[in-house]
Amino acid sequence: PRRRCRLRSHPKRWSCRADSDSCCIRSEEQFSDSGFRGKFISLRFIFRRRVIDSLAMSIRVIAGLGNPGKEYSLTRHNAGWMLLDAYAAKRGAVWKFEAKFNAEVATLEGVGGGKLYLIKPQTYMNLSGESLGAFLHFYKILPEGLLVIHDEVAFDAGSLKLSYAGSAGGHNGIGSIINAVGGEGFWRLRLGVGPRLLQWTLAEFVLSELPQEARNGLKSEKILDILALIIDKGPKEAQNSTNQNITKYG
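Just so you know, we're using the numbering used here here: the sequence shown kicks off at 1 and counts up by one.
Certain hints may be false.
[What the hints assert, rightly or not] As a list, the in silico DSS-like pairs of lysine-lysine whose alpha-carbon atoms are at most 27 Å apart:
id, residue 1, residue 2
1, K236, K140
2, K233, K140
3, K90, K222
4, K161, K219
5, K248, K222
6, K236, K248
7, K219, K248
8, K100, K115
9, K96, K115
In case anyone wonders, no lab produced these hints; they're calculated from the structure.
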């Protein structure tokens with residue numbers, strides 16, 4: 001008679017004939033005897049389940065990247081701060097400096113099914129991971145629940161793209177976060193600040209002033225609605241329904 005496989009890590013345990021030789025893993029005792037092969041199958045299934053769960057996870061923390069100081073407030077590198085400030089203002093969030101994270105933090109209740117943290121690291125861009133790593137560790141939040149909003153020189157101003165994981169792509173702030181949280185598995189909302197002027201170095205360009213039209217776009221209802229969709233519906237659903245590719249908001 002058909003019965004449930006005794007091996008809890010077997011992905012087909014509900015349809016497995018545990019006492020039959022036709023079972024790909026057979027009994028728990030035989031599985032245990034297979035040594036490395038058995039452990040590999042089990043770990044592969046667990047990892048696959050972790051990836052699926054990670055993509056479905058709701059956002060618990062939104063971080064805007066930038067540099068502190070009035071001299072940087074209008075620069076391309078501070079695009080993440082501009083958008084996060086606009087969202088916080090719309091929701092009536094109050095910023096408070098928290099020394100243990102060296103960051104400005106605001107908290108919203110009842111957003112996206114629970115508590116949502118907004119954070120602006122005050123460490124300067126290249127050390128953003130120091131703040132975020134400490135914050136996630138303190139509140140025991142997995143990196144998969146983090147959305148980082150940052151500037152992207154590869155996209156024209158007025159465009160954005162939501163993506164999961166991937167390398168830093170030369171962005172020092174993202175590189176710092178990857179090192180701090182121990183991997184690339186977090187969400188990014190990449191805000192276009194290009195096109196880059198080739199006669200300028202990368203540092204000169206990102207520290208130059210973002211045009212007024214682009215700054216206005218970062219406060220527009222369209223981009224705030226996109227951010228609200230990511231928070232309320234989850235990043236995976238928002239990615240599927242709005243922007244598999246680069247999306248114009250300005």
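Hinted pair K236 and K248, Cα distance within 27 Å: Holds, at roughly 19 Å.
Pair hint K161 and K219, alpha-carbon separation not exceeding 27 Å: With a Cα-Cα distance of about 17 Å, the restraint between K161 and K219 holds, given a limit of 27 Å.
27 Å Cα cutoff - pair K248, K222: holds (9 Å)
Hinted pair K236 and K140, Cα distance within 27 Å: Judged against 27 Å, a Cα distance of about 22 Å means the pair holds.
Satisfaction of hint between K140 and K233, Cα-Cα up to 27 Å: Between K233 and K140 the Cα gap is close to 22 Å, so the pair holds against 27 Å.
27 Å limit on alpha-carbon distance, applied to hinted pair K90 and K222: holds (13 Å)
Pair hint K96 and K115, alpha-carbon separation not exceeding 27 Å: With Cα atoms ~16 Å apart, K96 and K115 stay inside 27 Å; holds.
27 Å limit on alpha-carbon distance, applied to hinted pair K100 and K115: holds (20 Å)
Satisfaction of hint between K248 and K219, Cα-Cα up to 27 Å: This hinted pair holds, its Cα atoms lying about 14 Å apart.
The structure agrees with every numbered hint stated previously.
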